[in-house]
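*Asks:* Generate coordinates for the entire structure from the input sequences, incorporating the hints supplied.
Listed here are the chains, written in short residue letters.
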Amino acid sequence: MSTHAPIGGKLLTKPFLILSLLFMLALAILLARFIFGLGAVTNINDGYPWGIWIVIDVMIGTALGCAGYAVALLVYLFNRGEYHPLMRSALMAGLFGYTLAGIAVIFDLGRYWQFYTLLLPWYVQLNSVMLEVAWCVMAYVVVLWIEFTPAFLERFGLENLRGKLSKVLFFFIALGILLPTMHQSSLGTMAVVAGHQISPLWQTQLLPPLFLISALLMGYAIVPFESILASMGLRQPLETHLLAKISGVALLVTLLYLALRFGDLLWRGALDLAFAGDTDAVMFWIENLLFILPVLLLAQRRWRIRPRLVFISAISLLLAGSIYRLNVYIIGYHPTAGGNWFYFPSVPEIMVTVGIFSFEVILYLLFVKNLPVLHRA
Amino acid sequence: MATHITESDINLDGFVGSLGGVSRREFLKFCAGIAATMGLPAGMAWRIAEAASNPMRPPVIWLSAQECTGCTESLLRSTHPTLEQLILDAISLDYHETLCAGAGHQAEAYRQQSMQENRGKYVLVVDGSIPVKDGGIYCKVADRPIIDHLREAADGAAAIIAIGSCASWGGIPSSGPNPTGATGVAEILKDKTVVNIPGCPPNPYNFLTTVLHFLAFSTLPALDDKNRPKFAYNRLIHENCERRPHFDAGRFAITFGDEGHRKGWCLYKLGCKGPETYANCPAILFGDVGAGAWPVGTGHPCFGCTEQGVGFTKPIHALSELKTVTPPNTYPGISENIGQGVTPASAALVAGIAGAAVGAGAVAVSRLGRGDDSGSDDDEPKS
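The listed protein sequences correspond, in order, to chains F and E.
Sequential numbering from 25 applies to the first sequence in our numbering.
Sequential numbering from 209 applies to the second sequence in our numbering.
These are calculated hints, taken from the structure and not from any lab test.
Please note: incorrect hints may appear among the correct ones.
Stated by the list, open to error - Anything over 10 angstroms on all C-beta distances counts as not near chain F; from chain E, calculated: (1) GLU234; (2) LEU301; (3) CYS347; (4) LYS348; (5) ASP456; (6) ALA457; (7) ARG470; (8) LEU493; (9) ALA499; (10) THR506; (11) LEU527; (12) LEU530; (13) THR551; (14) ALA555; (15) ARG575.
As the list claims (entries may be wrong) - Pair ranges (Cβ atoms, derived): (16) GLY500(E) x ASP70(F): 50 to 58 angstroms; (17) HIS508(E) x ASP70(F): 34 to 42 angstroms; (18) PHE139(F) x ALA526(E): 50 to 58 angstroms; (19) ASP70(F) x ALA553(E): 21 to 29 angstroms; (20) ASN394(F) x ARG575(E): 23 to 31 angstroms; (21) THR532(E) x PRO145(F): 22 to 30 angstroms; (22) ASN448(E) x TYR136(F): 37 to 45 angstroms; (23) THR532(E) x LEU280(F): 51 to 59 angstroms; (24) GLY495(E) x ILE130(F): 54 to 62 angstroms; (25) GLY563(E) x TYR136(F): 28 to 36 angstroms.
Built from N, CA and C at the ideal position, the CB exists for glycine as well.
*Replies:* Here it is, written out as structure tokens:
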């Protein structure tokens with residue numbers, strides 16, 4: 025059933041070189057970070073200990089990496105085999121998202137050299153959300169690489185090994201569904217811990233399910249987003265009927281999300297804050313209109329086969345989920361203790377994030393050109 | 209304050225002269241001070257005064273082994289009252305190599321006589337460690353190893369007090385290669401209770417208080433697991449140190465003579481052993497000259513002289529083992545940077561990235577639009 029194939033082609037294209045330059049710039053900044061410390065490079069402070077390196081590189085990065093999780097949920101849990109052609113490229117998006125997020129965490133750790141203590145059972149504090157996230161993400165990165173191993177084995181002709189692996193792969197696939205369910209919701213739990221410091225527009229006991237569902241949505245959005253870009257940039261076939269179907273799934277999940285989100289706001293009586301006219305309110309509407317837009321664009325079945333609408337919806341959902349995370353952790357977060365705190369990322373800080381995402385695209389190009397990832401119809 | 213013993217019960221007029229000119233008022237102040245050191249109620253001062261002025265002065269035999277006479281020197285500098293006033297009048301110091309008037313055979317004979325006459329009644333005090341190697345030949349008095357003298361004297365003693373770190377656990381002679389096999393008194397007299405007053409030298413008031421407790425109540429004060437009197441050794445130096453607020457605030461002297469050292473900051477990072485040494489030095493100080501008169505007060509880290517395994521064992525510069533909180537390397541400042549807002553460069557960068565993304569998106573969407581026009585459900589690769 026291996027209908028996946030490497031697309032080949034020249035690797036050292038102009039975009040590839042520009043991305044490499046951005047990535048090397050990020051490496052240089054990171055060198056400064058490891059020599060002179062976080063304060064020398066970033067604008068994070070005691071009031072805002074989490075800047076964009078956590079919120080964008082890790083929170084948004086792993087949510088974008090939920091493609092593998094979201095499609096696996098469809099294919100394996102709901103037994104919808106027709107989505108299987110999308111599985112491998114979705115898995116690869118997860119692979120990069122999670123691996124880089126796991127590495128990016130280390131950049132943000134003040135005492136990164138003590139990272140290994142996370143793995144020493146005698147230091148474990150089982151009530152810690154942070155521990156759960158750390159363990160889950162680390163485990164999931166390993167699981168993703170194992171799940172993706174067949175692509176390597178096919179590429180290098182190790183069919184024998186691949187056969188053996190496929191006998192036990194179901195176990196890792198199950199783990200690959202369990203682990204993101206756990207930690208994507210826990211990423212929301214961490215904001216619950218921040219309590220009243222987060223605006224009531226975002227602070228709710230429902231943060232864990234909202235984070236989980238929005239991560240799923242971003243996973244479903246990244247599949248058409250990536251496919252359409254690949255079809256344009258790399259001249260790949262566009263599987264419009266599959267994208268239409270997955271857009272339908274995304275529509276349903278978005279409706280569920282919006283029902284939960286606004287139901288919760290009404291239930292808590294916090295919706296009037298959305299009309300306060302301040303930055304929080306503006307960001308709230310940007311975030312939620314971006315969630316609502318795809319509902320309008322994808323409402324009819326015939327609209328879902330139009331790549332343009334699917335693409336706009338996908339971008340809209342990706343932005344919505346990203347801004348939701350930014351709002352929860354930075355914009356709606358108002359630390360009160362010890363003064364009026366400010367945070368806006370510094371130029372080097374932004375360039376590191378840009379570099380990490382550039383590296384993700386570099387890896388994508390490297391993998392799709394050399395490994396059997398993309399589906400051949 | 210109501211007590212069982214009142215001033216009229218004690219013939220205070222009788223001992224004023226006998227205390228070598230100490231006034232009654234001064235003497236009672238001293239006894240009240242001793243009671244306070246032990247944490248006893250004020251009325252107990254009368255019982256201590258009674259014991260200290262008892263005409264039947266208890267005999268004390270003081271043996272000196274491998275020692276430097278520092279403990280005796282320290283005792284000589286106690287001032288309320290002076291030690292000589294106490295030992296000549298409150299107790300009967302029948303034998304002390306440094307202080308006794310007689311010498312040679314005369315002194316030895318008097319010691320033997322006193323030990324026989326007062327068998328079961330005298331107090332034995334030992335300073336210095338006991339050499340046990342090669343039959344104890346490294347410290348001899350009157351041609352006999354000190355260990356023999358010790359065993360003999362301990363036999364008829366009512367109480368045994370080991371003064372100084374050497375007598376308590378071996379002290380400086382027992383460190384390093386220990387060529388003489390220097391040993392503490394308690395190690396040798398395993399079947400007897402030996403009160404240890406460690407320190408190099410120990411605070412004289414810890415010794416005087418222990419002796420007077422024994423004289424007043426005929427019992428020893430409460431002892432800890434190392435047989436040290438709890439009234440003096442149940443708290444870490446760290447707990448009562450006047451520099452403790454600097455420790456808690458993270459202000460440390462890093463080298464001798466640096467700014468922190470000159471300002472009187474915590475000496476922990478210079479190797480102060482206060483956090484692992486039990487003694488009352490910061491509470492009662494030394495030399496009766498007022499505040500700051502103790503090692504840490506003068507700017508030198510405590511070296512743990514009262515603590516076996518610390519003093520004379522650990523290097524002076526070595527960090528002590530903390531029993532409670534370990535300080536981090538850095539502390540947050542009092543006034544933290546409240547953060548950097550938007551700068552023109554960062555705003556321009558964010559705007560640039562957003563613009564590039566919007567532009568790319570728009571281009572993609574417009575190209576897709578053309579695809580839509582030419583047939584959207586086309587599965588064939590575009591060319």
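*Asks:* State for each hint whether it applies.
*Replies:* Verification of the hints:
no., hint, in the structure
1, GLU234, "holds (55 angstroms)"
2, LEU301, "holds (57 angstroms)"
3, CYS347, "holds (49 angstroms)"
4, LYS348, "holds (55 angstroms)"
5, ASP456, "holds (19 angstroms)"
6, ALA457, "holds (17 angstroms)"
7, ARG470, "holds (29 angstroms)"
8, LEU493, "holds (40 angstroms)"
9, ALA499, "holds (36 angstroms)"
10, THR506, "holds (36 angstroms)"
11, LEU527, "holds (19 angstroms)"
12, LEU530, "holds (19 angstroms)"
13, THR551, "violated (7 angstroms)"
14, ALA555, "violated (8 angstroms)"
15, ARG575, "violated (6 angstroms)"
16, GLY500(E) x ASP70(F): 50 to 58 angstroms, "violated (37 angstroms)"
17, HIS508(E) x ASP70(F): 34 to 42 angstroms, "holds (36 angstroms)"
18, PHE139(F) x ALA526(E): 50 to 58 angstroms, "violated (29 angstroms)"
19, ASP70(F) x ALA553(E): 21 to 29 angstroms, "holds (24 angstroms)"
20, ASN394(F) x ARG575(E): 23 to 31 angstroms, "holds (26 angstroms)"
21, THR532(E) x PRO145(F): 22 to 30 angstroms, "holds (26 angstroms)"
22, ASN448(E) x TYR136(F): 37 to 45 angstroms, "holds (39 angstroms)"
23, THR532(E) x LEU280(F): 51 to 59 angstroms, "holds (52 angstroms)"
24, GLY495(E) x ILE130(F): 54 to 62 angstroms, "holds (56 angstroms)"
25, GLY563(E) x TYR136(F): 28 to 36 angstroms, "holds (34 angstroms)"
In the structure shown, a violation is registered for the earlier hints numbered 13, 14, 15, 16, 18, in ascending order.
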